[in-house]
Amino acid sequence: MPGPIVEVRDLHTRFGDTIVHDGVGLEVREGEIFALAGASGCGKSTLLREMIALQQPVAGSIRVLGREVVGLGDEEALPLRRHWGVLFERGGLFGSLTVRENVGLPLREHTELGDRLIDEIAAVKIALAGLPPDAGSKYPSELSGGMRKRAALARAIALDPRLLFLDEPTAGLDPLSAEGFDELVRRLKELLGLTIFMVTHDLDLLWGVADRVAFMVDGRIAGVGPMQELSKSEQPLVREYFYGPRGRGAWEQAWKRK
Amino acid sequence: MRCVGAWTVDHVAGLEARLDDVGWPADTEVVVEGSTVRAMDTAGAWVLHQILQTLERGGRRVSLRGLRAEHEALLRMVGSPGVGDVLATAAARPSFLERIGASAWAGARQTVEMLSFVGEVAVVGVRSVLRPGRIRWKPVLYNVRTAGVDALPITGLLCFLMGIVIAYQGATQLRRYGANIFVADLVGLAMLRELSPLLTAIIVAGRSGSAYTAQIGTMKVTEEVDALRTVGIVPIELLVLPKIVALGIALPLLSVYADVLGVAGGMVMAKRELAVGFPDFLDRLQYALRLSDFLVGIGKAPVFAAIIAVVGCFQGFQVAGDAESVGRRTTVSVVQSIFLVIVADALFSVVFDTLGI
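Chains as they are written, first to last, in the numbering used here: chain A, 1 to 258; chain B, 1001 to 1357.
Just so you know, these hints were derived from the structure itself, not from any lab.
This list has only true hints and no planted wrong ones.
In silico SDA-like pairs for lysine to any residue, Cα to Cα no more than 20 Å straight-line: (1) K138(A) <-> E1098(B); (2) K1271(B) <-> A1179(B); (3) K189(A) <-> E179(A); (4) K138(A) <-> S1325(B); (5) K189(A) <-> S177(A); (6) K1138(B) <-> V1225(B); (7) K232(A) <-> V217(A); (8) K138(A) <-> R1099(B); (9) K138(A) <-> A1323(B); (10) K189(A) <-> P226(A); (11) K189(A) <-> E1072(B); (12) K138(A) <-> A1088(B); (13) K138(A) <-> S1103(B); (14) K189(A) <-> E30(A); (15) K1271(B) <-> D1185(B); (16) K189(A) <-> S1080(B); (17) K1138(B) <-> V1149(B); (18) K138(A) <-> G1084(B); (19) K1271(B) <-> Y1168(B); (20) K189(A) <-> G1079(B); (21) K138(A) <-> G1082(B).
Please build the complete structure, drawing on both the sequences and the hints.
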């Protein structure tokens, strides 16, 4: 079995007096879809930002693709950043560029491909992300929320990364678009051989897409495992999360699908 | 034909460059050997897809063998019709004539929208005057402070310097004719009639007009303007009218203040360069200036204020979509309001000249 592609050890983060992470540890294996769940504001997105070296923890270690990212400067992080794609919660698309230019930007920055080939590869990614054909020449402000997410995803996979980070990929999407997104994520993983780390509240994603799920409570990981296992957890908070009225609905759906 | 090595985004750049010069085999049947491909990503798959297409276009029968299953899936994906559709919409850039037309149309439309905005503001304004209870005094006072009181140091300094510059430039000429005392006429008339209101307006357009655009624009982006509407507050009533009223109060007052400091600057220079003492200067000033000179200058200020506030707010409401639009509109707002202020000033000059004031 290949070693973990992301490895977090004994991570501590504080903002002033607020303790965000109090000894977080987890492992993401190559080729899996790993989801991080937990209540709002429990530090999931912060952990993701620390993994992609946008934020620094107080103590602990995070190894991504075999390299330590804690304490890494922008300059040193560059070669690593080329190998991962990030989908931000609000997309993070550049408003002054069209979708095609947005997707082509990483290619233009990091490769020596010609303009025409870059446009063609961008078109491939746009089609792959399930955007309609005319979306390429539109500006992000002209797109709906769901399309913006897909465009941002197209940009995240522009360089065919090995690792994809998704921050709340389905937040703010209607159920139909969200379901489309589930399938998209699964398809991408198979087609591009990606490892995916996502932060999400979406129970459908947790049940339907994630191979393993980690549940975060009070700055610690309260449980890790496939949803089936995790849902049998004795932890009251975990149980409440998964067996509240909405949790049960999602579970029943997932069960029916199987 | 044999494909070798890593067909990935880092390596296909060289391949792409050489692709045009390759002499493709003349045979009618080509077998592409894929078992030696070490790695492939979408970029590589796309290039391979194009090579296969080129071969097929030449009337050859192409068969692919030995490609790994996951690479074949990639190849199928990049060849799917969806990709072609996206490429097909890579619409041609608009022609020169089309761009001229588009920008002329945008300009014309904006003029009309500006007029309708002015009309809307006027309607809401009249409604507010008819029901004075609805006037929001708190934002008015707040805006008087930010646009007026907070602008005192910079306006004062600039006008003081302007007074110095005028007196200094005039000194050389006046000394030649021994008309030293007329420096009071020069500084007084120039500052009171023209420069104080104009300079003040330009400073305020840069300080406050831009802020209005940025504030309203950002509120539009974050949907706060829409939220105001839904809770039954007319955005113009809350966001525009107080600013117009506040600038209408602040700008004339700032102009008076600028008059004083401008003349003070002139006095300092007159004493130093022309040996015209303060008492003499002030004595002469009383003869040189009529009340109408002062009023002409101050009278322009409310008009400038209205221009700055209306343009600033209008451009704020024109913001659409993203952060970049806020920046663009803020620039447009400052340029436009300064332009219109100077045009208005020129018109005033013509009108006052005709009226003989």
